[in-house]
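Could you slot chain B onto chain A? The hints should help.
There are 2 protein chains.
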Amino acid sequence: MNPLDPRLAAIFRPRSVAVVGATEDRNRVGGRPLHYLRSFGFAGAVYPINPKRETVQGYRAYASLADLPEAPDVAVLAVAGDQVQGVLRQCAARGVRSAVVMSSGFGETGAAGAQRQAQLVEEARALGVRLIGPNAQGVANFQTGAVLNFSTMFMEVPPQDGPVAVISQSGAASVMPYALLRERGIGVRYVVASGNDADASVCELALTAAADPDIRVLLLYIESLSDPAMLAEAARLARSRGAAVVALKSGRSAHGAQAAASHTGAIVSDDALVDAFFERHGIWRADDVHGLVNAVELYLASGLRAAEHLVVMSHSGAVGVVCADTAERFGVPLAQLDRSTVQALARIVPGFATAQNPVDLTASLLTDGSMFGRTLDALAGDPQADMFLVGVPVAGEGYDVAGMAADTARFLRQTGKPLAVSAPQASVRDAFRAAGVPVFTHETDALAALHQVSRHALLAQGASARDARDAPGQASPVPGATRTLSESQSLALLQSAGVPVVAHRLCTSAHEAVQAWRELGPDVVVKACSGDIPHKSEHGLVFLNQRSEEDVLRSYEECVARVRSLGAPLEGVLVAQRVRGQREFALGVKQDPLFGTAVMVGDGGKYVEALKDFAVLLHPFSEQDVIDKLARLRIAPILAGVRGEPAVDLQVVARAAVALGGFAAARGAQVVSIDLNPLIAGPAGTGGWAVDAVVEESVAGHG
Amino acid sequence: MNPLDPRLAAIFRPRSVAVVGATEDRNRVGGRPLHYLRSFGFAGAVYPINPKRETVQGYRAYASLADLPEAPDVAVLAVAGDQVQGVLRQCAARGVRSAVVMSSGFGETGAAGAQRQAQLVEEARALGVRLIGPNAQGVANFQTGAVLNFSTMFMEVPPQDGPVAVISQSGAASVMPYALLRERGIGVRYVVASGNDADASVCELALTAAADPDIRVLLLYIESLSDPAMLAEAARLARSRGAAVVALKSGRSAHGAQAAASHTGAIVSDDALVDAFFERHGIWRADDVHGLVNAVELYLASGLRAAEHLVVMSHSGAVGVVCADTAERFGVPLAQLDRSTVQALARIVPGFATAQNPVDLTASLLTDGSMFGRTLDALAGDPQADMFLVGVPVAGEGYDVAGMAADTARFLRQTGKPLAVSAPQASVRDAFRAAGVPVFTHETDALAALHQVSRHALLAQGASARDARDAPGQASPVPGATRTLSESQSLALLQSAGVPVVAHRLCTSAHEAVQAWRELGPDVVVKACSGDIPHKSEHGLVFLNQRSEEDVLRSYEECVARVRSLGAPLEGVLVAQRVRGQREFALGVKQDPLFGTAVMVGDGGKYVEALKDFAVLLHPFSEQDVIDKLARLRIAPILAGVRGEPAVDLQVVARAAVALGGFAAARGAQVVSIDLNPLIAGPAGTGGWAVDAVVEESVAGHG
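Chains as they are written, first to last, in our numbering: chain A, 1 to 703; chain B, 1 to 703.
Only chain A is shown next, with the shape it has when bound in the complex (with noise of 0.2 Å):
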């Protein structure tokens, strides 16, 4: 099934357009899209409906919907909140089957608005309608001039057709990113803005806006993701035709503060998720508006083409200083430029000897500009280099701008690489951005939208490579009532998952605990078993270092003294191996009902929560993709080896998160978190063991 509703992509190229509550005003929300549609030349007809006139802004107007002489693609309702639902049936029987929904009056003013919102999409379904709104700004495509939307800001700031879409549930998010792309001189096909987001979320809009076939750039603005499989599929159409997806999801800060963690699972926030779910799906997630439309320049220029070395060349050495400083922030390696290069840059450069990036063509570029594109030519081919920051730190009499921008545009069109130009000066701007380069004020935003577009293009090739590799993730139940089971059924079930456990066995008087220190000492840690005591650490229930049948004994009897006087059932004592190994981890299982089993993975032992040294996966993902994610952590110099320690086994990790992830996605509702915590990992290829774990489980599941 394509899940594209036509209903939806009517909205955003619509033939026809009635405008319900239609005035002669044009800064009120009923005259204002009569007046975008008529000044960006909409050729479809227009239908105000106004039964007290017979024209509205030179339209001829009609009484009622019931009037008109077709049924129009789309109705924009501007009518007093109390009027939609009413208006809304007029739109069914006239065979309307699409609305945008500008009133206002309904979830943003509270419960009881809420409620006629969730009445109005409840009818609107039935009727077999589609809204976007209420309270929504609106829809604009600059191609065919159907602006259905009252934003002021298309009268401030000229629209241009072009490759970009904005989507957005803000209205005022929607026209941000429109004004500084439309300053930089880009051109926007399509600004949406959603409102309430009631019934065509704003991931269901960015899939119909990505259906259009020259839209290389979507972005959005996401206040609240309610939507991700729809999103998922708008980011796989964008990727597979080379378009870029980014992301501006807010209240990262509002989640976080939420983010108060009682155990390893839960230490994985909404945010996290969020961020491990754009990554999954190749969507750049941006942290604020400006990061939104930074790199689109060099989207349009290049795509999304993968690229690692960068060369930084420019007149000045300090640029070339600070940008080399600048790239080492961004964790961008300079590229080694080959032999060849360096020979036919030390033709080009005075006293250029050796190899040497940041190139600095120094200030003999007043005295030869064709310096400039001759040097370009030499770092073309350059078997490494592969994205380019040119710094123009200072040009006037004697520079040939007009030269270099050529030069510039020149190698864009041969070598298709990814190439920024920065420069202070405006005029100097505005020379290369008229030969079509792209260009920045400032050096830093170059490097960033050059990262930037490097790195999104290895990850929308992963997203691909996992599509093609994995089903989709399905969204987890909501969880009722659940209990923890306590460390030794959580082991079993660990081990029924495939993940090694520490050899140990669960004893319920001394005779057997001791038996069971025979079997797996000399060297064995005794520990209270009872699925009401999580933490059992913390009450003194664990007992390290136990070598003697003395120890053990006098072990096993705290543990029973201690656990009555909590006054906590028992379900037996613990023996188990003492484990040597190289380092600990923590893994943890997080089912969401949006996003579906996340699993977390990262450095353990008890400070897991204050360090916060973790990644976050949504299953299904590879051994491959843990293992990547290890490399990101801050201990990863150490899981590395380092002061003469072998690396530590990550393989069993990986095999560990991959299981657990599988496990848990398997049992849906009947697990609803683990955290395993720790694993100890030896040496690389000796494997590892889950020592402690607890498994949090529904009620109903072994009900």
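Calculated from the structure, these hints are not laboratory results.
Honestly, I wouldn't trust all of these hints.
If chains are identical, the list can't say which one is meant, so a pair holds when it fits in one copy or spans any two.
[Stated by the list, open to error] List of simulated lysine to any residue pairs, SDA-like, C-alpha gap at most 25 Å:
id, residue 1, residue 2
1, K612, P333
2, K612, L334
3, K606, G581
4, K536, R643
Relative to chain A, chain B alone:
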């Protein structure tokens, strides 16, 4: 002694200027200063030196400096490099005490040039002439029009006098901030590029600029920080009248690469010392050229004003949410609005029932423009609200932008509190800028500037407090040959410095070792002690958990045998009490010939180099300074006490750091470095103990 040299002050503000090598062509180095002197209205005497012409660019020309009717305040040297030394002598002969040497062919060209440069500086000092350069783009003063500078930029971007000075080694890096500031409408008085920095360093020129009482912001671009004491003096002078110093010190990455470390002290890179030095003297360190200029409008509007809590105000909820996210990213807390403020707001903003920051004016701003000013008034008196971000995502027909700008300007005048406006529309920015309000295109830039100015104020306060308390630190002598002391000798030195040291005995017989165990046991550590083997554990020379006479005897013999097999001298076997603390710290001392005695303090244990969780302080510093630094480590949550653990005793760490700094500074050349790892600290109030240490000392120091 006032280190300000009047000969440099004369270059910044000359009454008369000679240009040696003056030419008619205003596009050549010897022609452009004359062009600028005339264009920018320099009122003093201008003397072109050119033996072949009667006049140059309309000024009467002279054949030589000797022919001048007076000794000019400054000579500009625009002659070939090999003529510079001769012209310098003519300067001295004619009584010229100050020169700007634009000529190239010196240190920038290699070893021969560097030697020529050294000779030039030596002769200049002997002759009593101060130089800027060689290879300097020169000095510009846009108050007086004394533009002794050959940059093309001043033809491209028209200058205007203002309270900002840009002092840079690089020519490009001097005019890039200039262009960016001018584009924002900010006036700049001084633009100075010192080139090879051979005589007057950028540090000393910063002091020269700081001495101008009109300068309120100093922007520095530094490639090599050659004269920190002079820069400290510049910072002190600037601070004394509330002026801000912002520095871009490039070469982080180059220095970063050198930081391959072999011991604790060595992981303190040169760049970390620069950070510590800037912090000590209240200089804000920028990461890039954008960061150098981004906050200038705020410094000029509000000065260095300490602020902590942010209010975000906008007529878009989305802007509020995004700014709240960004504030959290910067670590800027949102103000909790006072009850009375909330009540006042509730009378202005419809439906504003509960305390809310971000403040959302909603779309009602369109129908009631007075809301904007009234909301600012309501916020002005709030006790916690001390900085403000006003987002104007969209404006146009119906919005009273001029009124909003006037209201904001009034708020600034009345409160003096830091406030920044952010608007993606150029027309909106222009309106606020015209009213004198700091304005930004992107919310994140606005927030970065607010964060910077408020944090910088605290930094400056701290620097002034330290100036009042401590004598300045001294540069450390450059060490000659060094040797490492054994653990026993090192611990003894630490003890003499006042650092608490674990109870231990150096034993030279098995009998002594057993005797030590009896005194210090029942649980001791046995270690071989040899100055030639600083990394004992990597050679299996550390025996933990020694609890019996047999354990100790066996370990003693092992130590003797293994050290013998390594061919190293054995000083003895160290028997130390087993210390059970709560957290291991690493402390280190590095003597630096530029910055003096640097102390590092951070997370201890064997992964110090891999995890790099440490801070650096320059002696002298206080215990509170150390505590403040520890609070910014990644392990800070653990130090504060988590999972029921008590807080860690940070006082003992702070005392030890202060003691080590004082000890090493007092010993000067003798103590080259100290590596103390671990210092084991107990729970707060219980103290701690240095457990292992290596002191590196100068051979001469003990010779």
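*Which hints, by number, does the structure contradict?*
none
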